[in-house]
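Full structure from sequences and hints, please.
Chain residues, written in single-letter form:
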Amino acid sequence: MKNGNQLKRREPLTDTQLLLTITICIFVAMYALAMIFLGGGFLRFQQVFDMLNNNAALIIVACGLTIVMIGGGIDISVGGVTALVVMSCIVHMNNGGSIFTAALMAIGIGLCFGLAHGFLISYLEIQPFIITLAGMFFARGMTTIVSLEPQKIAHEGFKTLMKTKIEIPWLGYIAKKGNLIPARMEIGVVIALVIVAIVFVMLKKTRLGRNFYAIGGNSQSALMLGVNVKRTRFYSYLISGLLSGIAGFVFMMHTGAGNATNAAGAEMNAIASSIIGGTLLTGGVGNVIGTFFGVLTLTTIKAIVPASGLTKPWWQSITTGGMLCFFIVLQSVVLSQRAKKKAKAKEAAKG
Amino acid sequence: MQNEVVLSMRGIDKVFPGVKALQNVDFTLRKGEIHALMGENGAGKSTLIKVLTGVYTKDAGTITIEDTEVAIRSPQDAQKAGISTVYQEITLCPNLTVAENMFIGRGNYVTVNWKDMERKATEILDNLGIPARAKQQLGSCSLAVQQMVAIARAVDMECKVLILDEPTSSLDDKEVAMLFGLMRDLKQRGVGIIFVTHFLEQVYEVSDRITVLRNGELVGEYEIENLPQVELVAKMMGKELEELSDLVRDDSEKEDTSEPVYQAQALSSAACTNPFDFAIRKGEVNGFTGLLGSGRSESVRAIFAADRVTGGNVTVDGKNVKIQKPIQAMKQGIGYLPEDRKDDGIIADLSVRDNIILALQVMKGFFRPFSQAEAEAFADEYIKALEIKTASSETPIKSLSGGNQQKVILARWLLTHPKYLILDEPTRGIDVGTKTEIQRLVRKLAEEGMSVTFISSEIEEMLRTCSRLIVMRDRHIVGELRGQELTQSNVMRTIAGGVD
Chain B
1 MKNGNQLKRR
11 EPLTDTQLLL
21 TITICIFVAM
31 YALAMIFLGG
41 GFLRFQQVFD
51 MLNNNAALII
61 VACGLTIVMI
71 GGGIDISVGG
81 VTALVVMSCI
91 VHMNNGGSIF
101 TAALMAIGIG
111 LCFGLAHGFL
121 ISYLEIQPFI
131 ITLAGMFFAR
141 GMTTIVSLEP
151 QKIAHEGFKT
161 LMKTKIEIPW
171 LGYIAKKGNL
181 IPARMEIGVV
191 IALVIVAIVF
201 VMLKKTRLGR
211 NFYAIGGNSQ
221 SALMLGVNVK
231 RTRFYSYLIS
241 GLLSGIAGFV
251 FMMHTGAGNA
261 TNAAGAEMNA
271 IASSIIGGTL
281 LTGGVGNVIG
291 TFFGVLTLTT
301 IKAIVPASGL
311 TKPWWQSITT
321 GGMLCFFIVL
331 QSVVLSQRAK
341 KKAKAKEAAK
351 G
Chain Z
1 MQNEVVLSMR
11 GIDKVFPGVK
21 ALQNVDFTLR
31 KGEIHALMGE
41 NGAGKSTLIK
51 VLTGVYTKDA
61 GTITIEDTEV
71 AIRSPQDAQK
81 AGISTVYQEI
91 TLCPNLTVAE
101 NMFIGRGNYV
111 TVNWKDMERK
121 ATEILDNLGI
131 PARAKQQLGS
141 CSLAVQQMVA
151 IARAVDMECK
161 VLILDEPTSS
171 LDDKEVAMLF
181 GLMRDLKQRG
191 VGIIFVTHFL
201 EQVYEVSDRI
211 TVLRNGELVG
221 EYEIENLPQV
231 ELVAKMMGKE
241 LEELSDLVRD
251 DSEKEDTSEP
261 VYQAQALSSA
271 ACTNPFDFAI
281 RKGEVNGFTG
291 LLGSGRSESV
301 RAIFAADRVT
311 GGNVTVDGKN
321 VKIQKPIQAM
331 KQGIGYLPED
341 RKDDGIIADL
351 SVRDNIILAL
361 QVMKGFFRPF
371 SQAEAEAFAD
381 EYIKALEIKT
391 ASSETPIKSL
401 SGGNQQKVIL
411 ARWLLTHPKY
421 LILDEPTRGI
431 DVGTKTEIQR
441 LVRKLAEEGM
451 SVTFISSEIE
461 EMLRTCSRLI
471 VMRDRHIVGE
481 LRGQELTQSN
491 VMRTIAGGVD
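Respectively, the protein sequence lines represent chains B and Z. Going by the working numbering, the first residue of the first sequence is number 1, and it counts up by one from there. Going by the working numbering, the first residue of the second sequence is number 1, and it counts up by one from there.
Simulated from the structure, these hints should not be mistaken for laboratory data. You can take every hint at face value.
Distance condition first, Cα-Cα at most 27 Å in a straight line; then the derived DSSO-like pairs of lysine-lysine:
hint, chain 1, residue 1, chain 2, residue 2
1, Z, 80, B, 230
2, B, 205, Z, 115
3, Z, 444, Z, 331
4, Z, 80, Z, 50
5, B, 176, B, 165
6, B, 341, Z, 325
7, Z, 50, B, 230
8, Z, 135, B, 205
9, Z, 174, B, 341
10, Z, 331, Z, 319
11, B, 205, Z, 120
12, Z, 115, B, 204
13, B, 340, Z, 325
14, Z, 187, Z, 80
15, B, 204, Z, 120
What follows is the structure, given as structure tokens:
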């Protein structure tokens, strides 16, 4: 506000950009505070990498969900689909399947769910919440059918893949003994980052990407403007399904074990991340970079809480809930202030 | 340039089950002219526009664009034929930028070349003098500018025919002037513009020709200079000025100096932005009249606080009161029967009885329910009094005819014993017999001391029922007629603004 004159020639931020800026600022501020007051692990770059290593799958799932939410929908089946993929792939590989066929399987399962959701929601016009809720139950049920017992990966090739880490020496730190411990990043993180980049470009630069925003902003208008609303909506669920499948594979690369309760609550964490990242549940506004920072913010909160002495498990949920509420209130206050300012400017122009 | 015909519609018929919406209608649009399409509610204006834009398919007739006959089966066909439409509600996406709104859904590109798109958009906006920037979020523009962006999109699609459907209904004067500037500019460029509006003065400000429709039939096409406003109003309403025999009313004017039951000063609401003064006395039936869109419904809605009240002083029985919400109006003894029965009035799946006791229940509070017997007694009393034709009081209201539904809503309000009852189009869409019944009922209620405001699109009905008429035009009160002044020709003259 202070340097309004300086910025006069620049366009005011769009709602999407504004919410993204808020998210990044809050993340940076929170992380900086953690570094100052808590120190310890937060001072090492490995902390960020660990956060990414542990949440690569969540980032991928949240990317898909962001697309669906920008298009004005919701997909709560993502966690279930991820779990089903994990279990299926492990059983497949333990019974002599190759890594390649397992990857195809992951993508295939994801696409099947995306296809079914997309078709039912777009072309039969059924409520997305109900359909994906059904999808979630279905996927969870299937997971138990595939294997009731928890499974551990026995495939040697895959175990090597799991252990493969990218080492970046210059981001490492000197341990007490004086030897350098490089920062380590798992392959899954690379996949997640590539997906974030692809989705970012897709939303920004392609016609399909802009169409997602159009149908989420006002689907009736989008139709009048010549956008194929049904097909666009169909694609959003298809992509979300595909990304859930990939997320399942990445999840497996991190844990190496399958359990019927894998990725429990992933859909809720993904929704929370998207919202923190500035995606509106009402559709039409959002950004995948914001979602990326949303995941980091959520994880940072979860790391800060025990580090600051609140070690009881419920504090994490309570803090997360509080933060989510804070973000939503902040978003709606900022957006309504904008609308008010606009109305005032109009009044002034009239008078 | 003005003689080259760009669009010609001949012998257009459109039949809906039970209704002939259009009957042998001709319409001709020339290059570089602004052609106003006028008609009252149900005249067939919007049906004709929808036939032209491919929303409906015509049952008979031909549409020719620049000497080639075209078949228009979908909005896409219309766009291809060079017909673009800008609707009353802005059909753009507020969350996208101006440039995106201009180019989305067009062409076969896969990736978006932002720089190119923004450059092109800027060019078009500059060219047309539209005060918007390509990278601006559309939602941050005023409504008028949004409308102009929609027009810019249409122009860039090289339209030959531009349809503007009620473009000015949500704009203020300055914005209207801006829009008219753009329309004149487009006219110079040879675009044929069809202008649909309710605002008479705006028609005379920009149009070259007027085509009038009534009851789905063509009344005629006129050069603007050959058709004074009074005649236009007469043609829209279907009455020739000369043949209007001024029926003499026998109720002589009583000079009434009693305290008004309801009085408002400088009342305004979110929907009715021009503040107005209004008062009604005990036992009086008055009416708001004017063409559709003149603000008559908005005014009575402001009285009942059905829209957000933004200012004004209200006194009821001489006492200053605050009416900000419908429940406050109800507590002051004001009842309001809304214009749109389906949306605002009935609750379709509830029984006749529940619909009748609804308003009284609300006033009493939900935690003090009526006993079954009480509710039954109320319902039966009014079903009998108003002669509502229903199988029983348990029947769901949606299975009743329109007229009987209307009576149920009327009963709902009568049950609360209001001092002042507002009836907005109570007789629309119901048969003649029930209409006269309702008119008689209104007179009877007034004789019993209730004050009533009555609104109807039919002037005869208003003249029969009301003892005072408030005439509105373009959202302003332009006159008040009472006693001997209450004649059709007087009303029309006042509506048209030709009072002498």
